[in-house]
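Participant: What follows is each chain in one-letter form.
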Amino acid sequence: MQIKNFLLLGILCANVFFSKAQTEQANLSGRLISSAGEPIPAASVKLQNSRHGAISDQNGYYKISNVKPASYILQVNAIGFKLQKKEIKLLAGENGSVNFTLTESTEQMETVTVLGRTKAQEVNRQAFNVTAIDATKLYNTTLDISSALDRVAGVRVRESGGVGSNFNLSLNGFSGRHVRFFIDGIPMDNMGSSFQINNIPINVAERVEVYKGVVPMWLGSDALGGAVNIVTGDKHRNYLDASYSYGSFNTHRSVINTAVTSKSGLTLQLSAFQNYSDNNYKIQIEQLLQNNMAADKKSATVRRFHDVYHNETLIANVGIVGKSWADNLLLGVTLGQNYKEMQNAATPIAVYGQLHRRGNIVMPSLKYKKVDLIPGLDVTLNANYNLGYETTIDTAKADYDWDGIRDGKPSMGENENGQHRNYWNNNGLATAMVSYKLGKNHGLAINNVFSTFDRKQKDLLFPDLDAKNTPKKMDKNVLGLGYSYNVDNKWSLNIFGKHILLRSVVNGENNKESNYKIGYGTALAYYVKPDLQIRGSYELANRIPEANEVFGNLENFQGNPSLKPEKSNNLNLGIIYGFKINEINRFSITANAIYRNASDYIYTHIVGGTGPRREWSTSSNRQGVRTTGFDGEIRYSYKNWLSAGGTITYQKTKNLQKHDWDPNTGKYSEAISWAYLDQMPNIPYFFGNADVSASFKNAFGKGNNLTVGYNMLFVDRFWLDWPSFGNPTEEDKYSTAVQLTHDVNFVYSMKNGKYNISLEARNIADKPVFDNFALQKPGRGFYLNFRYFINKSQR
Amino acid sequence: MKTTFTKTLLALAFAGVLSSCDKKSDREVVPPNPGNYIIAVTPTAIASKADYLVTTASLDTGKVSIIGNGTEQAGLYRYYVTANNKFFSMLYGQGSPGAVTVYGITDGKLKKLNDFTSATVHAFAPVNNDILTIKVPRRIAAAGTPTVYEWYRVSTVTNEEIAKGTSDAIAPSGNGEIAHLSWIKQVGNKVFAPYFSIYNSFFTKFPDEAGIAVFSYPEMQYEKTIRDTRTSFIGRYFVDGLGLVENGDCYAFSSSVAADDDPATTAVDAKMTSTKPSAITRIKAGTTEFDQTYFFNFETASNGYVITNWLNIGQNKFIANIEPVATKGQYVTGKRLAIVDVVNKTVTPVNGFPEASQISSITTTNYSPKDGKTGYIGVNLINSTTYIYKIDASTATAKQGVKVEGGNITAIQHIQ
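So the sequences go chain by chain: A and B. Using the UniProt record's numbering, read the first sequence as starting at 1 and increasing by one per residue. Using the UniProt record's numbering, read the second sequence as starting at 1 and increasing by one per residue.
Read the hints as simulated data drawn from the structure, not as lab findings. For each residue, glycine too, the CB sits at the ideal point set by N, CA and C. Do not rely on the hints blindly, as some may be mistaken.
Straight-line Cα separation of at most 27 Å, DSSO-like style, residue types lysine-lysine; simulated pairs [claimed, not checked]: (1) B:271 / A:468; (2) A:409 / B:224; (3) A:517 / A:46; (4) A:733 / B:164; (5) B:112 / A:733; (6) A:137 / A:667; (7) A:490 / A:580; (8) B:86 / A:298; (9) B:111 / A:298; (10) A:733 / B:63; (11) B:112 / A:297; (12) A:667 / B:63; (13) B:164 / A:298; (14) B:109 / A:733; (15) B:112 / A:298; (16) B:271 / A:667; (17) A:263 / A:89; (18) A:529 / A:639; (19) B:111 / A:733; (20) A:639 / A:580; (21) A:437 / A:369; (22) A:468 / B:205; (23) A:367 / A:63; (24) B:403 / A:667; (25) A:567 / A:517; (26) A:397 / B:164.
Pairwise CB distance ranges, derived in the manner of DEER restraints [as the list claims (entries may be wrong)]: (27) A:768 / B:129: 48 to 58 Å; (28) A:670 / B:263: 36 to 46 Å; (29) A:561 / B:383: 52 to 62 Å; (30) A:244 / B:113: 49 to 59 Å; (31) A:561 / B:300: 38 to 48 Å; (32) A:737 / B:113: 22 to 32 Å; (33) B:63 / A:658: 46 to 56 Å; (34) A:768 / B:263: 49 to 59 Å; (35) B:165 / A:297: 20 to 30 Å; (36) B:383 / A:468: 20 to 30 Å.
If the Cβ cut is set under 8 Å, some of the chain A residues that face chain B in the computed set are [claimed, not checked]: (37) 291; (38) 418; (39) 462; (40) 673.
Pulled out of the complex, with its shape left as it was, chain A reads as follows (with noise of 0.2 Å):
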């Protein structure tokens, strides 16, 4: 019965083939731009009539591929210009090509936003607690994708230092592993040390969609705090954009983006970047890091001597787009290595001298999406496979203080005995996601993710410990299933359901564990008016330990393997408005409350010094957390040249375990536990961040844009330990100061955003920052970047 109805549908789908491939289709593509020449990026382009249209491009360009060939009225539709229509004839098999000068328009707007409305724009109206970034309006800055999250309202980006240092994303108190992250809705668990948040460039995204607590069940996860998307969009289909930076700390980084694609749709995309940076930036030490150095180097700041971070990545696609029957199917591989030098542990109390980490990611992957499949029908496939390794060479026979001298010892290894020791996660990852369009406000959707993990390892010191290695494999399966209703502008809801499975052997063959966790969730929006949008979501959320919280990462993490899957109940609440006072002056506010309530929290918490290494971290199940906050947007602009913004973020996440575990009886104590209620240690609670932008068009030269950006960033001090524990204060107890951070920017583009050099100061006050208690983040800096930019509009 089944196998009946799987021919039958491929004999229909057959059949679309088929029939598409008798009539040749049309395409039609060009440019807008402003009276003054300037490019006009998302403005609508629409066939009136027919279901076809487009947005433009942050350089104006536009293209409606596959129109069936007859005469169309063409309708250009962008906020603060004169709506224009156009009459046009396409023939089977045209290029058609038109462009359009538009004039910008004084008049009252129908749709009042404090800018034109992009994708991102139209990302953040869903009824999901969503931030969309605009990654291309940050294309000229050197930010990777980590530090421009750092400006979303809720979010906290936690790094232990310099480029390629690791880095810890909170989002409303869920931090680490309860936020998965994903490109283009893969999920990049797999991925390895080489392919991360941290060293991925902004340019290679279109946007970052961040998902707060409710994640949607197409991006097929068992997330339990949030999820972060990359998306990379389709772009250009002839292009080059490459970019060069140089700064402080030696630090260089390049990107280079290009596809070309010939008029029968073979196309190849490169995406290459690369990051190198000394990290020799200056620290303060503490008396005590002083006493062993040599008596003629002692100082109270000392510049760090063993911190280089290089990664280089490839990523490359072959195949065909625009075709009747694929949108895209691309055969790609992603090719990419780091290198990692550790100056200290986890405090400057371990200083290292040649302690270091190596990486790589090779990783065949296969793409195909082809929307409207039949018509209503969108298919989306993807799988890869991570044949990279991770490993840490400790094989130094020295110790080393801040002085950086080498004092030689006979015994080997910065810790104890040494290491250097590779292993092999092997992930498979595979990805379904069919959606259906019912008519014009039902849509139905089913979204698989199966991930394999199979570790192997070898240990090139301990050759002996490789006999000692137990199986370690993990398999999940993330089944989806949503279904969703939209009213455009009047309201939509989504209701879907997860279906988790995990099978895996942790400690022997003979320690199978098989479990399954079920999840649902719903997102409701409503449109007071089209400018004030309330929303609500919530979702029984469910998470998985991880493989690497399972086995550890043989480094600095140990892994735990009698973790329980963690539960949370997400709720948030929000109202998204734009307004104006007058034409000139405008306004858009969000604001979010949230609500999370967490059983058997999986919190990561630092063990010390009991095993070989110096200081490590584990993972531990805690019976209850409650995260209860606030966090609000706004945004202003007055003409099209001047915005202003800000985000606050207030949040307590409350201990709500009651008993303690006491180890030595293995029970829970009868007493109330005395951080019963307290906040969870060592997370920040209240910040923001505001920034200030003024463009200048025309500046020096037509067709030439200068902007000046300021940005500021504010956490308070949070405690280490319990707050209610020990004398609260500076002398007596542990904390993270107060972070106030003043970047500025100056961004100059020539000849339409095809020449761009932008110098960007961070850290100007040039104030010891930290995010993580007792790690130094580097002080005040200036990079200086080039970026060349073309996009030929021919197809």
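Could you slot chain B onto chain A? The hints should help.
Facilitator: Positioned in the frame of chain A, the structure of chain B alone reads:
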């Protein structure tokens, strides 16, 4: 429109109020208790968290709390030693340089005198005007690399590391296994380091021999090993098995807890393998040999207990933790106390101490004024209350003393 907007704001405000409406049940606030005793307390709310130090004027009565009081210590395990009338808080980490904070007491309050880093705090003891620390390997080094102790001398006068060096860690055992030092102690002008020999994983194939490595000081030259086959190894993991009495004689206890991997199971688990009883032996003052004329069979004298730790209270007397032979283990600390007189070879159970079944753990670093009579022992009960008990050796009785709130007692120390 306006009303919807207001309503939404109201809802948001309500959510905000929700987040702040629960409060902790009102707790009695325990004020600071200035004094010259220092108690290190480990919070129990998250496993593996370093201690808070609080002071108290008396160990006999009253209450101290680390809720709102106390000085936070960084890291995980900390060990404490007093030397030169200074309190040294030392971070333990097998691989780590140890962060060491030095405190004095002024007007009953802890005063940070200095802090510095040295190497790991694994085996450590005051020697002359120094604190000697030794990093002990736990497995045979990678091919081509020697397996060595790394020792460090820290001056208690200048609070600085003043010398360091290495010494072969296999030579003392003479059996090919690592001589894992259980503790170090200055005896005369030598450093005595009792050890348990291990191949990897804290197991041994030589369960029926005792050994003490002898080093010269300050050169830290390995000189010889004092051997005995009447007992299993001296001391235990992180337990000082040597007791120096007033006449210069050195007493040594063995718990008889040598272990090897149980061949009956596939998992890595310990099986007690020593055939020797738990016993106390002696090294006469000025000699470097076991006194073969002295043997104190602890199991017989106590009617079936092993000794797991002791506190030297002076005048040849010790307060010992004892554990029935049947339940002894490598890391089992006895929850019963007894007064041990090493000269008269007597073991007297202590009365008035909580029942073993009510005890979660007993503090390892305890305090005695060394008057031959008094000792203070920290007890963490399973009902989460924690007290220091005052032990009177003359009557072999225990009396509840100061109550400690917020966690478990790790150490009790006193400085002037």
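Participant: If any of the earlier hints don't hold here, list their numbers in rising order.
Facilitator: As far as the earlier hints go, 3, 4, 6, 27, 29, 33 and 36 are violated by this structure, in ascending order.
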